[in-house]
Structure formats: structure tokens, C-alpha cells
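Each chain, written out:
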Amino acid sequence: MSFAQPNLMPSFRRPPSRVAIVRSSRYDLDLGALMLQALQEFNLPVKGMKVLLKPNFVEPDPEGVINTHPAVVGAARETFLRLGAASVLVAEGPGHERDTEAILETIRLRDFLGPLAKVFVDLNLDEVRATDLRTRASKLKQLYLPRTVLEADFIVSLPKLKSHHWVGATLSLKNMFGIVPGCCYGWPKNVLHWAGITPSILDINSTVRPDFAIVDGIIGMEGNGPIQGSPKASGVLIMGDDPVAVDATCARVMGLEPARIDYLAKAGVLLGHLDPEKIRHLGESEASVKTSFAVLPEFKKLVAGNDK
Amino acid sequence: MIDLAGCRDFLITNQNADGGWGFHPDSPCAVEPTAWAVLALVSRPFGPLQVEACARASNWLLRAQRSDGSWPPFPGHPLGCWVTSVASGALLLQGGAESAVERGLRWVVNSWPAEGTLWWRLRQAVFPSRLARQDSALRGWNWTPGTASWVEPTAQTLIFIGTLPPTLLSAQAVKRRNLGEHMLLDRMCPDGGWNSGNPLIYGVAGVPRIGPTAWALLALRAHSHRPEIQASLAWLERAYGTIRGGASLAVAHRCLAAFGLRVPPLAPALEKLYAPNSFFQNVLTMAWVTLALSEEAARLAQCEGSASA
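Those sequence lines, one after another, are chains A and B.
First residue of the first sequence? That's 1 in the working numbering, and the numbers climb one at a time after it.
First residue of the second sequence? That's 1 in the working numbering, and the numbers climb one at a time after it.
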């Protein structure tokens, strides 16, 4: 793998990150054009590279609330091809559902990507390699990871903007749980929960840090996410070259204080920037698109301005 | 075209040289697709190609078994896991490997999930979680060692135990079977059906899914009179028409038919689902589809036999 930014670097040494907020109220707009315009400002080094898009596909959900919307995945694929990528694969290992094809067909991914056989990889059933984790936040030390992920040149995390009943919010860092293969760890990948969600997020992202993140916040999920929450029309795509900075920006847009989200606070030490001073914003400002997400009572303490 | 002969041919053609199957053609062998391919191919009519394929696969499975009796997900992986019950079941059905099956069974009945220990229950009593509602004393089986019980591995282990001859059915196996059945009933969604194993999250009823529901029902066939089973069957019947994946359709069809419910012919429905992606050439899906088609063929043959008698 080659990375646009190093995986691990103390925040004070890491160069400023860039995050763009793009408004889009509907999925049937020309998302490819919006994304291309935004991504051109990043000048990403993807020419000739094998790009891997990692969406968040969890369960068959025809309503389009749980999973990254296929229109966003299709637009991202088209954009990276137009930026000169040699290939753009879409890869996911759903956490609960063994029948990945049932998810893809329910959300009609084919309508946006064309025939899937050569474009989509089920990471739950991919060939795996034992991979030493680059940090020891959890007790895991090593995970079997899919070859397709390990051989990608440029990884893009493509999550949905959602609340989460264990960790407060699930965004581009948490989305990387999906690279852990079910064929080794089951459905759900319960070993990650037992090793601790926060430490597992840190270890996975220190080892396979996404080079870029694009968060589908056109319709997000609030309340009892990531599966049973309610749709929340936020009307934004949030993207950037630092998954921590992107997630911190998403949290602020959701009305949450990123430093109070445990895994995000810890990721801000070595994996990217949490501090808004170190994040260069392109496009819309956070304040102009802020739309407070309802949270479960357990997570009231995460709400910005709530000091109780 | 999707038919029984074509599916068997797919499996036989894509068996690796060493006797196992990977999750896809030409991928490294893994225990789960190999075991399911055997279960799918050991069915009538049992032609010479099937006989040879199953014999080679059984040898591969025997070589892959760990010294503690378990099977790892693939050779070289350091831990036994949920695939042990499927591998043991495949060898039991194939025959001729009683010792390996017995060792597999022993590992299975001595393999406990991480939740439900005295310390765990004490902690739950002192710090009750609002997140999930479950009786942690009811312990089934986990996907991997050191983790919690979940619906699918528990159901598949119960199905394996249900196939054991009385000579192998130890008292410990019976005890674990009873506990596992109670665990499944405890984890059922409030209105019937199962998801991975969280029936209530923050008091909100979990949404059932096809796979876990069908596997749990197959594991609880002996309790078909219970209202929970009837409610779950009713959910699966209602959901059947919404299925969009071959693996889900195959296991749901097997389940409904096993309970004697009328299900539409399988091949035309599979054909529609196969057309867009060829099931991604997924060996596990093809094995489940083969199994469902062969069971359907056996039922039809039985019906024709009784009609002509």
C-alpha cells in the first residue's frame, strides 16, 4: 500500500488536513459532478492507482437509511476513474448479513455501477493474510485481513452519517470494521467488540488508514443507530484527506463534540487532526450545514454545549 | 440455467486439486465451503463423480482437523471455530470417519461462549445494560473462541447434534443441546424470527432477517408446536417473496419445506436471482442452492412414489 499521508504521526507534526463540505439535498442530483469538482481541489495522487472504495453496507434496506446510498458509491467510482485511477473496486464485508448479494440487490447497486461481478469484492470471503497490527490499543495484535484491501494503492472510506448505540457516532473510522473478514471472525465480527470497540477502531485504522473519506450525509441516521435509528436529512457530503478530520467535522455537523467521542479523541493523537485549527475547510462551513442529530440518553454528554 | 445437475457440476468442476474448496473458484481451500460442498454432494442420485469428489474432500477435511478435534476456518489458522460443527456434520454424513466426528463433537460440547460465566452474570447484575435484553445464563455457541453466543453458530451446531446417532449422543451433548435451544428461543425477536442475536436494542424490537431465522427454525424443528416457532414461520413465509439473494432463498426454501409448508418451485426463482451476478461464483451459495434443489428433488420423487403406489 502507498498512502497519501502516513498512518501514524503525532498530531503536532502532521500537516494540516483538508475537508470539503458539499451540499446536496437529493440522491438524484448529479453527484458525480459535485464530487469531481470538490475532489479536483484536493489534487489526489490517484493516477494509475488501484483505488478501493469501502462503503457501509450492513443489511438489506430498501429504504436507503442504513447503508451508504448506491448513488454516492456510483458517483465516487465515476469520479476516481475520471481522476485517472487505473481501477476502482467497491469492497465491503457486511457485519451482520452473510448474504452480501441480498444487500447489493436490495439497494440496487447494479443500477449505479453496472454489472457487479468485476467491480465488487465481498471482503467477508476474500483471500486473507495474517497482518500484524501497527498499534497495541487492543489485545488483538494481529488480524487476518483481505488481500484486496492489502493490495489496494488508495483506500476511500465511504460511510453513512449515523449515530451509533455503542460509540455515539459511526463514520469513516468505524466503517473500517467492515474490512475484517467474516470468514475468519463470523457475523458479527464479535472479536472486535470483545477486544473493545475503541481500541479495535484504533488498531484497524493504524494498520489500514483510509487515504480519503467521503461521508454520505445526504440522508443520515439519528437516534438508535446504526440500524434502528430514524432518517435525518442533512443534505451534505463531507469529504477529506484525513479520516479523523472528516469524522470530527461530521460530528460537529451532527451537533456533537468530537473530543467527547472516545475513539475519535484517541484517534486525534496519532491518526489525524481533531482540532479545527488544523483542518482547512473547503466548500461550505460547518456552521452553515449544522443539523443537530437526536442521540440516545446515554450519549447526551456528547452533545456540543451540554456540559452536564 | 440453474438446475441440480448444473449446480453439482459447478461444485465438482471447482474443487481444488487437493480436495477442498475455496469460497470462490481457484481460491485457497477453506473448511466451511468444503464442508458444505460435501453436504451438498452427498445426496441421491450419487454418481461416480460425486463419490470421488466427496472422498477427496473428506480426506482434505481430515487433514485440516486440529489435534484438539476442532477445525479452523482454513489450514494454518491457529484457532478452531464455528466451522467445526459443519465439518463434523459433513464427515458424519459421508461416513467412515467416526473418530474424527467424535473428536469434533467433543470439542463442540466443551466449547463455551465467553458470556454467562458467574463473573459475567455478577457484573450484569451490578451494572445492568439497557442496550440489550437477554438471559446470559442461556449459552449457545460463538463464532470464534472468547466471544459471545450468536444465533447462526448455535443453530448450525444444534443441526449437527440433531444428526448424531444415539451412540454418539453423549449426556453432555444433550445438555448443551437443551441449553442451546433455550438460548435460541430467548433470542427470538418479539414478533417472531431472528436476527444475529439481538432481539431488543434499547427496548426497540429487533428486525428479523432471513438467514438467522431459517437456520434457527431448522435447528428447532422438534419444537414446531410452540407458538414462537409458528410466529417465526409466519414471518419467514411473509418475507419469502422479498428475498434478493440466492443463499438466503436456498436456506429459506429448505426451511419452509422442512416444516411441510408449500413453497413455489425453487429453480425459476433461483434463475431470476442468478441472472445478474451469477451468485458471484460463491461456492457456499452454490452448495446451499445444490442442497435445497436436491432436497426438493427428493421430496418430489417421494410424492411421485406415493402417488403411483
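Some hints here could point you the wrong way.
[Stated by the list, open to error] Facing chain A, a subset of chain B residues (Cβ under 10 Å, in silico):
| # | residue |
| --- | --- |
| 1 | Gly-22 |
| 2 | Pro-72 |
| 3 | Trp-82 |
| 4 | Val-174 |
| 5 | Gly-245 |
[Unchecked claim] Derived coverage of chain B by chain A (criterion: at least 3 residues anywhere in the stretch with Cβ under 8 Å from a Cβ of chain A; other residues may be distant):
| # | segment |
| --- | --- |
| 6 | 191 to 202 |
| 7 | 288 to 297 |
In short, the hints are calculated from the structure, not lab data.
Please read these numbers as outputs of a predicted model, since none were measured by experiment.
C-beta atoms are modelled at their ideal positions from N, C-alpha and C, and glycine is treated no differently.
Now for the hints, and whether the structure bears them out:
A distance limit of 10 Å between C-beta atoms decides the matter here; for Gly-22 of chain B the minimum to chain A is near 8 Å, and the interface restraint holds. The restraint placing Pro-72 of chain B at the interface with chain A holds, with a minimum CB-CB distance near 9 Å, inside the 10 Å limit. Look at Trp-82 of chain B: its Cβ gets to within about 6 Å of chain A, closer than 10 Å, so that hint holds up. The interface hint given for Val-174 of chain B is broken, as the beta carbon of that residue sits about 26 Å from the closest beta carbon of chain A, more than 10 Å.
Given hint, Gly-245 of chain B at the interface with chain A, holds; its Cβ is 3 Å from that chain's nearest Cβ, closer than 10 Å. With 4 residues having a Cβ less than 8 Å from any Cβ of chain A, the segment 191 to 202 of chain B passes the three-residue criterion, so the hint holds. Proximity of the segment 288 to 297 of chain B to chain A, defined as three or more residues with a beta carbon under 8 Å from a beta carbon of that chain, is not established by the 0 residues found.
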